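Peer 1: Listed here are the chains, written in short residue letters.
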Amino acid sequence: MDMLLSALSYINSMTIIVVIVGCLFGLFVGAIPGLTATMAIALMVPFTFFLDPVPALSLMIAVGASSIYAGDIPGALLNIPGTPASAAYVEDSHTLVLEGKANRVLGLGLTSSVIGGLIGTIILAFTAPYLAKFALKFSTFEYTWLSLIGLSCATIVAGSKTSRSLLTLVLGIALSTIGFDEFTGHERFTFGMESLLQGVSFIPAMIGLFAISGAIDFYVKTYKKENVFSTVPPIEKGMNIFKGLGSRLSHKSVGILRSGVLGTLIGALPGAGSDIAAWISYALSKKLSKHPEKYGSGSEEAIIDASSSNNASLAGSWIPSLVFGIPGDSASAIIIGVLFMKDMKPGPTLFLFNPEKLYAVFIIFAIANIILLPLAFLAVNVLKKIIKIDNGIIYPVVILCSIVGAFAINNDISSVVVMLIMGVLGYFLQRFDYPISPIILGMILGPMLEKNLISSLLKANGDYGAFFERPVSGVLSVIFILIVLVQIMSNIRRMMKKSK
Amino acid sequence: MTQKKIPAVFFILFGLFLIIYSAENLWSTGLFGAGFMPTIVGSAIILAAIVDTLSTNKKRVKIDCRDFTVITLFIGLILFYVFMVSYLGFIITSGFVVFPLMLYAARCRVRTSVIISAGAILFIYYFFTQVLLVQLPETPFLN
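In order, the protein sequence lines correspond to chains U and A. Following numbering that gives the first Met the number 0, the numbering of the first sequence begins with 0 at its first residue and continues without gaps. Following numbering that gives the first Met the number 0, the numbering of the second sequence begins with 0 at its first residue and continues without gaps.
Derived from the structure by calculation, the hints contain no laboratory data. Treat the hints loosely; a few may be bogus.
[Claimed, not checked] Straight-line Cα separation of at most 27 Å, BS3-like style, residue types lysine-lysine; simulated pairs:
#	chain 1	residue 1	chain 2	residue 2
1	U	K497	U	K293
2	U	K356	U	K344
3	U	K160	U	K497
4	U	K242	U	K384
5	U	K160	A	K4
6	A	K61	U	K341
7	U	K286	U	K496
8	U	K224	U	K384
9	A	K61	U	K356
10	A	K61	U	K497
11	U	K160	U	K286
12	U	K341	U	K356
13	A	K4	U	K497
14	U	K160	U	K293
15	U	K496	U	K289
16	U	K286	U	K458
17	U	K289	U	K497
18	U	K496	A	K4
19	U	K242	U	K289
20	A	K61	U	K223
21	U	K496	U	K293
22	A	K61	U	K220
23	U	K136	U	K344
24	U	K160	U	K289
25	U	K220	U	K384
26	U	K293	U	K242
27	A	K61	U	K160
28	U	K136	U	K458
29	A	K4	U	K220
[Stated by the list, open to error] Computed footprint of chain A on chain U, listed as stretches where at least three residues anywhere in the stretch have a Cβ under 8 Å from a Cβ of chain A:
#	segment
30	161-170
31	177-186
32	405-415
33	425-437
34	451-462
It should be emphasised that the depicted structure is a prediction, and the values quoted were computed from it without experimental measurement. Think of the CB as a built atom: it goes at the ideal place given N, C-alpha and C, for glycine as much as any other residue.
Extracted from the complex, chain A is given alone in its bound form (with noise of 0.2 Å):
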């Protein structure tokens, strides 16, 4: 199988998914209940799917394990802040995602980058919790 069917596939699966779910969940609440729609949208996901894979599609698509490593450390980076913003509130967290991100992909010095990145974090909390009144988590230790 080359990579290019693997989303046909992917999507077939899914289709049978929210088939069998709704035919095991939610087919109680009568033929007009819960489960009429998520069986006809997973029955059309499966039939697109088959056509989209009938199609000819010329485009090569490579995904490698270089791919796989970037998107793990930078689902690990907003996890971290996802998990550690109620406990470090989010000026802090907020930096251990951006000042990463920045040191590693701008063109610039590490004091230019510290400087920017505590300015766009400063100026958006600022914004959010002043302007738009967004109650952001706070640093606990700053209070």
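Same shape as in the complex, but just chain U (with noise of 0.2 Å):
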């Protein structure tokens, strides 16, 4: 009790203030495609300069809390993820909106991201050693397994199309061995380019595959005069968001605890972060749902599942950065400097030296996940009525938004060409019937299955019989096969009745 009171000393007005401007501009960045939570949380690091260390660290928390939930605003209204976390159920949520549903998709997006960051706090503030310490547990072996188990969530995601997803996801493994490979310094696929020697970027890939091919396709049905304009969708009446949720949560109760707690839990794990968090709850929620045939089509369960577990998975990403010092993903990294700035050394000495300061930084977690509420209610109301706008006059402007968010990545124009070409692979792929989102899993899982597999294949000269031996590899192994086994068993079982 001691303990409380003395975390809650540190929360004064100064640090209620540092959260709702900290939220309002992760808000308006995460909204923008191509800006992500990361880079949001990077552009206010000097501000921190400036504060003292709770405020400082609440400002990066609001940040990446509201940031994260914002990729979700524009992936609803212009099938445009605004973060990568978003993309796995962009068209539930695209489909809901041209429903007419904005009100309610958006709504329980909302709803559900900020019980997630709730449930990731929870979990924060009580487990964070002992998650720590299994997490660490996790060698290069269970990397593998983690990989592929998420690498397999695009083909149960994907439902009948599982060979065209399956496709499309090597293909998004395929461009992520672009550039310089990582143990033997040698160059592939760069043919002399110097812009290729870093790899592709799978910011610029993932605007050019949701924006420039929605653009492209807009374009070419406006030439060919099919009627685009009346697609414009209808808009429910009235600002309330949240008008009818209550029911609906409290009956998917136990599928955002479940997303929650595993959004924690991959967070928790070095390396992976809420894009993955995202796609596996995704997945899972798919297979344990009463109504598998929905999701991709407008599943509001999707929706509420996939985006409780990502807002979870950013309090998750703090607990190896603040008991060991090893960043969850590269906005953790940045949070570990202001940290080190601010003379909190992370490690188990903080648990010793400073647990007021990191319980109140428990308690500004959830307080900018409730904070979030009304900013993100104030945000989505305004822009929401987007959808009202001709798409000739947004169009133009989304092109714009999408070259500069691919530039800004590295101040590097040749990321607008990957823009450009992954937008007209995208355009022929969804034309041909492929489902795209499989290539960002693809892109951003690709360099973390291929470092984990050839670390442990030459740890263990070769051969594969290691990856079943450690007993944590060896239950994650299973899970893989299970779940392909199910995949296949499910696909000879829709053959067999398409036979019929």
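Since each chain sits alone in its own frame, please combine them into the complex, following the hints.
Peer 2: What follows is the structure, encoded as structure tokens:
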């Protein structure tokens, strides 16, 4: 109790103002396609120089939580995920918006994100040291299986398009091999182009696949006079995005809890982040759902589960950062820098020498998530008017934002070319009925898979049996094999049904 | 060959390219070297493409020359931005991209298109350079 009171003494009006400003900034940046939560957090670092430790960390937490949620907004309204974490359920949210359910979709996403964030906070506060110890047991063998489980989610999400989903997934992995090979330093598929040495960033690729392919589709339809103007969706009257959500969310409480816990656990694994958390939760949610056929074509369950998971993973990613100083993702790496700067050296000693500050951080996590409700409510009600605007006006602005968003990743114009190529590729793939989201998953998990697979094989002298020897690795391998078998069985069943 | 088989053929050729490129350029780095992953990926692509070709897909796909006209113009417009932005700067080059697109498809008057285009470009320029501190190419003769 004394600890809690000491922690509360750090939370003053300045801290709350910082949280509000951080949330507003995060909402704005996260809603712009191409600008990630990491970028939003990095942009706030200079401001932390002038703040006390707790407000400085509050700023980081608020920006992170709000920008991850904000990625859902352009995903739902324009079919352009603001962050890679939102790519998993963008088809569901946009389909529902086209059906005139913008308020409901944005309300569901917001409330689930906040609940997920709170679940993650509770787990962070009570289990941080234990979870971090567990996460440290993961070696390259376990990470290889985890990457494969993550990749297998793409085929689960795809439903009847398994082979097509697998193709685009592997295409994403292939794209991730471009650039320097981490082990040998050998150039791969660069063809002498310097800009390709660092590889293909998945942010311009994601912008191209979703925003540019959508823009091309719009102009092709306009040229062919296929009446695109009639596709402007209806919009619900009123500002209340929370209307009727209570019963839906209480009905889905088990799913939210499951996704929140799963998101936190995945977030706690160094190298895994909100993107992977959202995909795995989406896939698990689909497998356990009574209506898996709705996934990908407007499932509320999908939005609830995946969005609660990606916000929960944010709290999870702080676990290895705080306890061992190991970043859970790139945003946590920046936060570790801020911790050092504020004389809060991350590690087990943090719990000994600065416990009150640490618990103040946990309380801020909860406050930032709760404050997100009214702030995002206002932001969403302003932004949702976008869908009423003529697409002929929206698309040129989207294209310009996409160009600038792609450029801003490395301040490199070659990212715009990558965006364009991926846009054209995405357009043709969609015309031929290939899902494009797995490409992003492949690009995110490809390097993680390759790094851990090759490290493991080198350690084991090429002995593949080593992947099954360690206990956690063994469990993960069984999970992966089960997922693959279930997928094969359901495909055979589907083919047999069709042949009848 | 029907149009809907084109992607599968493209994927098979792409998979073959990955395998051949890896065999010729990357296998010198050893069994678990730079060529290991691209070879596995190339093989997986070919396998998945064959399965995809064999599976039935009843969706009709029709891509005609009108698609290619629009895509070519679109690519030209973005490449114009890529090559000219360092000479003309962000504001002017963006104008050449945004305004024609808006004029072509937006259901509003020319004057309105000009105002919206200019407003959007200036807002994006200000927001990215002043708030997000992203260095966008400047217009040489406006400085």
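Peer 1: With reference to the structure, classify each hint as holding or not holding.
Peer 2: A quick look at each hint next to the structure:
no., hint, verdict
1, U:K497 <-> U:K293, "holds, 19 Å"
2, U:K356 <-> U:K344, "holds, 12 Å"
3, U:K160 <-> U:K497, "holds, 14 Å"
4, U:K242 <-> U:K384, "holds, 18 Å"
5, U:K160 <-> A:K4, "holds, 15 Å"
6, A:K61 <-> U:K341, "violated, 61 Å"
7, U:K286 <-> U:K496, "holds, 19 Å"
8, U:K224 <-> U:K384, "holds, 25 Å"
9, A:K61 <-> U:K356, "violated, 62 Å"
10, A:K61 <-> U:K497, "holds, 25 Å"
11, U:K160 <-> U:K286, "holds, 15 Å"
12, U:K341 <-> U:K356, "holds, 11 Å"
13, A:K4 <-> U:K497, "holds, 21 Å"
14, U:K160 <-> U:K293, "holds, 14 Å"
15, U:K496 <-> U:K289, "holds, 19 Å"
16, U:K286 <-> U:K458, "violated, 35 Å"
17, U:K289 <-> U:K497, "holds, 21 Å"
18, U:K496 <-> A:K4, "holds, 24 Å"
19, U:K242 <-> U:K289, "holds, 24 Å"
20, A:K61 <-> U:K223, "holds, 13 Å"
21, U:K496 <-> U:K293, "holds, 19 Å"
22, A:K61 <-> U:K220, "holds, 13 Å"
23, U:K136 <-> U:K344, "holds, 22 Å"
24, U:K160 <-> U:K289, "holds, 19 Å"
25, U:K220 <-> U:K384, "holds, 23 Å"
26, U:K293 <-> U:K242, "holds, 22 Å"
27, A:K61 <-> U:K160, "holds, 20 Å"
28, U:K136 <-> U:K458, "holds, 16 Å"
29, A:K4 <-> U:K220, "holds, 23 Å"
30, 161-170, "holds (count 6)"
31, 177-186, "holds (count 4)"
32, 405-415, "holds (count 5)"
33, 425-437, "holds (count 7)"
34, 451-462, "holds (count 5)"
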